Amino acid sequence: GAGVSQSPRYKVAKRGQDVALRCDPISGHVSLFWYQQALGQGPEFLTYFQNEAQLDKSGLPSDRFFAERPEGSVSTLKIQRTQQEDSAVYLCASSPEGTVEQYFGPGTRLTVT
Amino acid sequence: QKEVEQDPGPLSVPEGAIVSLNCTYSNSAFQYFMWYRQYSRKGPELLMYTYSSGNKEDGRFTAQVDKSSKYISLFIRDSQPSDSATYLCAMSGTNAGKSTFGDGTTLTVKP
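Chains as they are written, first to last, in the numbering used here: chain A, 292 to 404; chain B, 1280 to 1390.
Pairwise CB distance ranges (calculated):
(1) B:Ser1291 x A:Ser298: 31 to 41 angstroms
(2) A:Pro352 x B:Pro1287: 16 to 26 angstroms
(3) A:Thr404 x B:Glu1336: 43 to 53 angstroms
(4) A:Thr404 x B:Gln1280: 28 to 38 angstroms
(5) A:Ser318 x B:Arg1320: 18 to 28 angstroms
(6) B:Lys1389 x A:Gln371: 39 to 49 angstroms
(7) B:Glu1324 x A:Thr402: 17 to 27 angstroms
(8) B:Arg1356 x A:Gln371: 47 to 57 angstroms
(9) A:Asp347 x B:Ser1319: 25 to 35 angstroms
(10) B:Pro1289 x A:Ser378: 19 to 29 angstroms
(11) B:Ser1319 x A:Ser298: 17 to 27 angstroms
(12) B:Tyr1330 x A:Leu346: 20 to 30 angstroms
(13) A:Gly350 x B:Asn1301: 17 to 27 angstroms
With the Cβ distance kept under 8 angstroms, some of the chain A side facing chain B (calculated, not the full set):
(14) Gly333
(15) Phe336
(16) Asp347
(17) Val391
(18) Gln393
(19) Pro397
I should point out that these hints are in silico values taken from the structure, not numbers from a laboratory. Note that this is a predicted model, so its numbers are computed, not measured. For glycine and all other residues, C-beta sits at the position ideal for the given N, C-alpha and C.
Assemble the whole structure, with the sequences as input and the hints as a guide.
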């Protein structure tokens, strides 16, 4: 079946612009995660949803970052007033209920100029 | 200091060699230990996971967890050029919720 998809794959934003990154999880997966991966580093947790409920947003670096999953399926990560330090790959993962197995999408590479 | 430490390498081995990849951690609450493989410009792909201490084998891959030492390993037997990738360890305290990742070890297997 189809895996996790993310769009856009690449995004260039000028500093100060707002961006929206989309994640389509595997159908039926209850859990959805957002991670940020800087060059040469491992993924860093941002936030986690179980269905439409955002259960953990402890990793969001500032109030410029906002995520939603209104119908318990597609999720959007929004970054307001982008800064250069926001440049990274943003990874989305989904997971069936009751398992640690996370299935990752290809990521969105964000470059802030 | 990071919760999960992983030697970044790079590690270069000849085809057919046995590869050993390792991570240490500081959070004793971690119960689930995962290994992911990440090819360039792709998302991580789960290879295998282990619950608590012990060994787990899957084909050419063996994962070991020693909770008393807070040390985990992934062994790759008969390494192939297609194994060339970055290997990430990850850990979680429960079977739901976030994973904490190491920074990855870059492996190159030369034909």
